[in-house]
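Chemist: For reference, the chains in residue letters:
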Amino acid sequence: MKIIPFSIATFITIALIVLLGTKLFIPAPLAVLLSPQHGVWQNAEPAGINYSTELSFPQLSGKTEVYFDERLVPHVFADNDRDAFFIQGYLHAKFRLWQMEFQTHAAAGRLSEIMGDKIGTLDVLNKVDRYFRRLGMGYAAENSLVLMEADSATKMMCDAYTAGVNACITSLSSSQLPLEYKLLGYKPEAWTNLKTALFIKYMAYDLAGGESDFEFTAAKNALSKIDFETIVPIRQDSLDPIIPSGTLFDKPAVTAKAPASADSLYFNYSKDTAALPVLPQKPDKDNGSNNWAVNGKKTRSGYPILCNDPHLGLNLPSLWYEMQIHTPHYNAYGATFPSAPGVIIGFNDSCAFGVTNAGRDVRDYYTIQFKDASRRSYLFNGEWKQTELRTERIKIKDKPDFIDTVAYTVFGPVIFDASYANRNNDGKNYAVRWKAHDASNEMKMFYQLDRAKNYNEYLEAIKNLHTPGQNCAFAAKNGDIAMWCQGEFPAKWRRQGDFVMPGTDSSYMWQGMIPQSENPHVLNPERGFVSSANQLPADTTYPYYIGPGFPNYRGWTINKRLNKMADITPQDMMDLQTDNYNVFAEMARPVLLQHMNEAALDADGKKYWNIFKEWNLRSDTGETGPVVFAVLWENLEKEVWADDIARIKTTLVPYQSSLLEGILRDSAFKFVDNINTQQKETLSDDVLAAFKKAVPVIKKAETDDRGSWAKFKDTHISHLTKLPALSRLHLPIGGGTHIINAAKADHGPSWRMIVSLTPETQAYGVYPGGQNGNPGSVYYDNFIDTWANGKYYTLWMMKKEEMADERVKFKMSFTK
Amino acid sequence: MKFIASILLTALLSFVICLYMDWWTIAIVAFAVAILIHQRPLPSFLTGFIALFLLWGGLSWWIDMKNEHVLSHKLASLLPFGGSVFLMILVTAITGALVAGFAALAGSYAREGK
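First to last, the sequence lines map onto chains A and B. No gaps in the numbering here: position 306 of the first sequence is 306 in this note's numbering, and each next residue is one more. Converting from the second sequence to this note's numbering requires adding 816 to each position, the first position being numbered 1.
Hints are not guaranteed to be accurate.
[Stated by the list, open to error] Capping the alpha-carbon separation at 27 Å, the derived lysine-lysine pairs in DSSO-like fashion look like this:
1) Lys882/B to Lys809/A
2) Lys607/A to Lys638/A
3) Lys2/A to Lys818/B
4) Lys811/A to Lys882/B
5) Lys399/A to Lys23/A
[As the list claims (entries may be wrong)] If we take Cβ atoms under 8 Å as the criterion, some of the chain B residues that face chain A in the derived model are:
6) Trp840
7) Ile851
8) Lys890
9) Ala919
[As the list claims (entries may be wrong)] Coverage of chain B stretches by chain A, computed from C-beta distances (three or more under 8 Å per stretch; other residues unrestricted):
10) 822-836
11) 880-886
12) 910-917
In short, the hints are calculated from the structure, not lab data. Ideal placement from N, C-alpha and C gives every residue a C-beta, glycine not left out.
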């Protein structure tokens, strides 16, 4: 043996293995990623892949056949319910495993564990993980898990689902792991029922966490009452509530009364300028949706049609996974949540169901006075009461664990204190009372809804929905249509919880819950349709305080359209659901035109102003009008509000309706004057100034070839990691905020569904994604172009005897 | 003849062992083949290099073709390949080739007389 050259060659070999196989010297373990039999090449699925297979799992008790159609939608035919939930878990994991774990890690405050404590400039540890833990996400999920597992139906459902997910996980070799595990360098852990509960709480965070209590408190502290009420009104002029005006409501069973000290301690307008905490993460303010159902008198077929499009963050892999589940007990089709069993928005052989967000404020804050820095006791009703300290151990990739300790009070966890000050350096401690902390079993709703045969069974099902509150639309083949603004909501006195409340005694606590039967609802209304678009559920005759901040324009325009429509076909509903008419601009343009001094504009200004004047008010892809309007409005808001809200020690963004309705009511709207100047500005001054600032922005957009609405808005569907390479960018789609087709830059219609409840159900749907979460699959994003073009797929409620149909592409057989 | 046989054997055994083991076992295969079928150092190195260049390059090219470049287009811009699928396949091939080449070289020296 030639020792020296041998040693050198051996050393080089080992060095190469270390160099190429680890991240010690280069940012990615290239050889691990590139090895064609282990790494990312393994995720490059053959375009002509055949998914057909036969599998057996000891957990199954019967036979299940899964037929995949040409869009890779599985049609599951199981011998029994338990097997069906097992198969659903297996399929979710097979096609969406990484996403399921990522979402539930995020919900549990565990992202640092897989991503490290920082991603670029995002402080993951403090702004995400600690925040979610201090918000009590884990605590909330644990509470709900107890109920989920106490009910025999949902326990069976979740246990079978979890077993199915785990059956898939254990069958995966490391080369078969989803791409993202390989890129981020970690492995999946076992699924648990707790993870399903965490996912439901993540939806609660997204949909029932949209309050602005700290912002409102800062605004109240800085502004007079009348100014605050103008900026944050509890009802808009152009409101058409979900439950038709004129509906009679019962005398309330619960009457909430403001405490005697409220005038001095709570409604203390313009008295304080201390900084308040800022929530590090907030759900998108436009998390909302449209749903409506028309009865047979309004349709050509004579049967009801139900439509729904939930507006949520648009990501890849999609939040939704489409499937049909058929067992001897039920047959449901629709959008499912990878992470949870059941069909969430869909239809069965008797009825259809869809939801929009109720958007009620079910999260409030209380100031807490600790006895000392140990946070072991706090002042409550004149006594020192013990806190419960919950230890949160946060694992961090490549770093030691971080230990956070959160004090729990009668209200809930103390989210902000000295250990997590987050801008409030006033030494105050804030506890959060959140309805999502209370145990509830939402899985039971889906369990029952999927098999509901009629209105009464739908009503029984939705009683299980506590948080997040949803406006639940319903339509059945027997002709019934209904809407319930459902959830468990606290009965509040006017403005209760809109501001931070004193927490040293019980007087500001929630005094009771609104009985479920008193939630606003309507069955088979005279007008022939029910609809909701996140607007205020009921008019002021409703005896409970509902709160501010409900978007009103989509609901307004949907109701106007539905009122006029007759002889409706599914195609008409598709046209309505994808409609780009901008009703907000329709209301705003006359007052803007009236107050523009055109003579003061230069050539560019005149050109764009003419475009705005002649615009057809449609936010279609190729229009320039919506660009002009959007930039003008944004600048007008700055002109009007900036000076006034500068006094508020936070980032309060007044509602767009507050400005529009303010200037529609009175062109001498108080806020148009800039309080920092000597002269008194008028609305005309503001419109001109705003437009002059808008013109260069519009011109720049035009020069950069972003002058048409779709390009300017630039809708994209990002991968959950935000990696552009795995995302779909620059989609040609119109619509936007306040428009029925609510497609914004990264947010919008996440699942469009239209169900015509004719004897043979006719259903149509699409979501911006694809059935397979693997970026290396042709099924990863194949629905996106259809979605962007406003087209739909026919949803096939397959019958077992259609197994030889040419639409069936693959078949997976499962046995014991 | 030895040269061709070594290349084929290295490639074949590497493929088989990688069905079950980690990627770096290609080094063990290349080393073992170089001991089993002894060649001078340079041909040995080339044996390991060419075997894995062909195996990894060929496999990744084949996978990519069947995949209709869906994934490679994404990854070539995500990983440091400047968007070039060709470069990604080339780097894949060279990565395996270098490791196997040096392992085979070590194997050759292990059998070389003093």
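Chemist: Assess, step by step, whether the Cα of Lys2/A is no farther than 27 Å from the Cα of Lys818/B, and give holds or violated.
Modeler: 21 Å, holds
Chemist: Does the structure keep Lys882/B and Lys809/A at a Cα separation of 27 Å or less?
Modeler: Holds. Lys882/B to Lys809/A sits at ~19 Å (cutoff 27 Å).
Chemist: Within a Cα-Cα threshold of 27 Å, do Lys607/A and Lys638/A meet the stated pairing?
Modeler: 23 Å, holds
Chemist: If you take the shortest Cβ to Cβ gap from Trp840/B to chain A, is it below 8 Å?
Modeler: 5 Å, holds
Chemist: Are the Cα positions of Lys811/A and Lys882/B separated by 27 Å at most?
Modeler: 22 Å, holds
Chemist: Cut-off 8 Å, C-beta pairs, minimum 3 residues; does the coverage of the stretch 910-917 of chain B by chain A stand?
Modeler: holds (count 4)
Chemist: Tell me if the interface restraint on Ile851/B is satisfied: Cβ within less than 8 Å of some Cβ in chain A.
Modeler: 10 Å, violated
Chemist: Quick one: see if chain A covers the stretch 880-886 of chain B, three-plus residues with Cβ-Cβ under 8 Å.
Modeler: Holds, because 5 residues of the stretch 880-886 of chain B bring their Cβ atoms closer than 8 Å to Cβ atoms of chain A.
Chemist: Going by Cβ atoms only, is Ala919/B closer than 8 Å to chain A?
Modeler: Constraint on Ala919/B satisfied, holds at 5 Å.
Chemist: Is the straight-line distance between the alpha-carbon of Lys399/A and that of Lys23/A 27 Å or less?
Modeler: 15 Å, holds
Chemist: Mind checking the CB of Lys890/B against every CB in chain A and telling me if the closest is under 8 Å?
Modeler: 5 Å, holds
Chemist: Do at least three Cβ atoms from the stretch 822-836 of chain B come closer than 8 Å to Cβ atoms of chain A?
Modeler: As far as the stretch 822-836 of chain B goes, the hint holds, because 3 residues have Cβ atoms under 8 Å from chain A.
Checked against the numbered hints given earlier, this structure breaks only hint 7.
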